[in-house]
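Colleague: What follows is the residue order along each chain.
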Amino acid sequence: MSVRPVDAVIFRAKRWHARALALFAVSSLSLALASQAQAGMITDCSHLPDFEGADVTTLVLQYQYAGRPDAPLSEAARSLSLLIQLDSLLTQLKYRNIGVAFVQVDPYAPTPCSPERLAQRMREHLPSGRGVVILSGRLFEVEDRLYLQSSMLFLRKDVPETLTPPGNSDLSEGARFVARLPQTPVVFAPRLLLKEDLAAIDEQFRKAMVVRDSPSYDASGRSLELGGDTPFAYTVIGQQESWMRIRPFQGYPGPEGWINFGDETVHADLHRLLPELDYLDATVAYLQSRIHGPQSEAPSAGRLLAWSQAKFTQFAEITGRGGGSNADRTAAGIGLGMIGILQMERNGWAEQPAGANPFAAMVAAMPSNADARNLASLVDIYNCCLAEAAGGKPEAAERSLLDALSVDPANGAVLANLKSFYLRLQNRAELRWPALSDDVLARRLKAVETVQQAQQ
Amino acid sequence: MRGSFKIVRPLLAGSLLLLVTLPGSAPALAAMKGCDTGGVSGFKVFLSDVSVTGLQADPGKLSEALYFVLDGKLQSLPGAGPGAGPQIIRCPGRQPNISGQDYTASLVKALNTDDVLLDLWGSIAAREGGGQQQEDVWVAYYLIPLANYDPHGAVKPLQHANVSNPVGPLLDPVADIQAMLDRGPGFDTYASIVLGLKLAKNREYDNARAALCAAQSRLAAASGGAATPDPQTAALSAYVGDKLQQNYDAAIHDSHYKGAMRQLGDLLGKPNECPAG
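Protein sequences, first through last, are from chains A and B.
Counting along the first sequence from 1, when you hit position 20 you're at 20 in my numbering, and nothing is skipped either side.
Counting along the second sequence from 1, when you hit position 23 you're at 23 in my numbering, and nothing is skipped either side.
Hints are computed from structural coordinates only; laboratory data are not their basis.
Note that this is a predicted model, so its numbers are computed, not measured.
Yeah, the Cβ is synthetic: ideal placement off N, Cα and C, and Gly gets one too.
Please note that a few of the clues may not be correct.
As the list claims (entries may be wrong) - The following label-pair restraints were derived from C-beta to C-beta distances:
hint	chain 1	residue 1	chain 2	residue 2	range
1	B	H253	A	D144	55 to 63 angstroms
2	B	Q101	A	K393	53 to 61 angstroms
3	A	E124	B	T104	51 to 59 angstroms
4	B	A105	A	A356	49 to 57 angstroms
5	A	D144	B	R203	47 to 55 angstroms
Can you make the complete structure from the sequences, with help from the hints?
Modeller: Here's what the structure looks like:
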């Protein structure tokens, strides 16, 4: 129960800082803790945030009407976008080193602001290894109903989302093993929100965004003004469990005091209607863990894995009710892949239970995806042919690689692993099974190399 | 990364250019009232209008709902390849007949040449039922490559489904359309199949197999692992198996193809089957 005093230096948006703040059309919240950057702000597609120190930056791109990007948004649609940003900010504060920004879209801009364009610009802005998640979506509105369909794109600058087994770097170049997550974007199924539900959730958030005199709901407090034309920015100056003490940033208006960011009930209704917000939360945990590796301390890699697993599971449970959709099943499959990668990194390859493959569920969720099968193959390859106490069957590893190639015969990552696998068997004759003679192995290796050459 | 889908509003100049440079497709485009690809390359999906019969209704809202659902489904269509996803082209004023009689052989051929994968439309019609007036909402789509390559096959190129609602304000158009498009083997499966057919004919054998494998896995999911799937799913599964086999045969007989199906052959498993999950 200690209050941690914190430096007041925060939100270090660099060259465009003043400009971005000047652009605030609606409220913006910027927060920081010690050397960690935690910020929420509103910007546009031309002036992207540069949260120095943030491990992961989440950009919520303004949702637009499907097929009518220039149509003005209704109040409900605008409110929804703001709620998503606030929710992202509050749920991600537990990760410490994060930035959250809402990106407005100018429908008359000569170059449309797309997730792909944002990703490209963030690749140019971000320090190497840092992550970005871009949430965007399309809307359709009829009477008292608002439909939306979200999609999510995520990346780390200069670092592909891949998995490699231990000892891989000891192998010669061209004989290593690597598998990647299926390529994003992740597209979710359409959701329905009744406008009255949205208004109730908006009200919940407004009640939660109360700055109190002490870290207790019993303490008196004043509401933060959300929406409207008054910009605001805050510094985090202390933390007590799930309460944060915040102070207005450099002359910005607003009350100083305590705000609770850990109250799950505030988010529950919105997340039930938009389970992709759980997915977003889980993806940020995944990226944080991958950035800091198994030695991550604040939060620990174990907590990040637990958070990520819990949120992906929640997403799968909510979207799987009543059978679910193809889009959500694929999204859940990619989530299972992220959990699998964290498990392998956190628990260690050699410590996996015999016969268990963390990517088996991913393959079951998306059987026609070669990258999912390639990830599962990697575990089989390690077990049979790379681990010191190899116990798996090399035939099974070959079969899983060939199955991956069968569903996507041009997949370069699978072909590369198949070649590495055959090279491994060439060098380690004791791993071969009886039918795999020198000649047969040489022919298979040659066949893979021919396919690779044809692709160049 | 798949490209985004856009509404195409072709310029007149673009339309004229297309008519001049592609004489074979000119009659079809002329017959397709309101549908103009405007020189857009790549795979396309036509979205025709919603027709209203016998009641007062705003077809525009249902059209928008159709667009919303269709756009979302195409964004998650696997196998199209990065940046190669189909584009939606709206066809204002066009309302195909629910019987499919508009799709003459010459029109189908021209649309297929123009890389149109399917044409989707809707209708709302009044009906008396149970003493009160009902509205029947239909969604239909015509699978162009399937009609072109297999006009007399076991799988019909015209697919449609309907729901009936009491006459009144649209209750939940997106859910209705989703439910209709997901019924039976489902729109996603058919879209993967026609994509696979086109890719195979374009001699992109590897991508064709990927698209057909996606269709096969969706069919397996649709049948829920039942030992005897329903007749429609069973027929479609057999059709996809045939197309996988034909794609494989074409690949290994094409001297330009040097890919995995030729080099690794039987190691990849049966040509007409994709590995299960």
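Colleague: A separate judgement is required for each hint: does it hold in the structure or not?
Modeller: Hint by hint, here is what the structure shows:
no., hint, in the structure
1, B:H253 / A:D144: 55 to 63 angstroms, "holds, 59 angstroms"
2, B:Q101 / A:K393: 53 to 61 angstroms, "holds, 58 angstroms"
3, A:E124 / B:T104: 51 to 59 angstroms, "holds, 52 angstroms"
4, B:A105 / A:A356: 49 to 57 angstroms, "holds, 56 angstroms"
5, A:D144 / B:R203: 47 to 55 angstroms, "holds, 51 angstroms"
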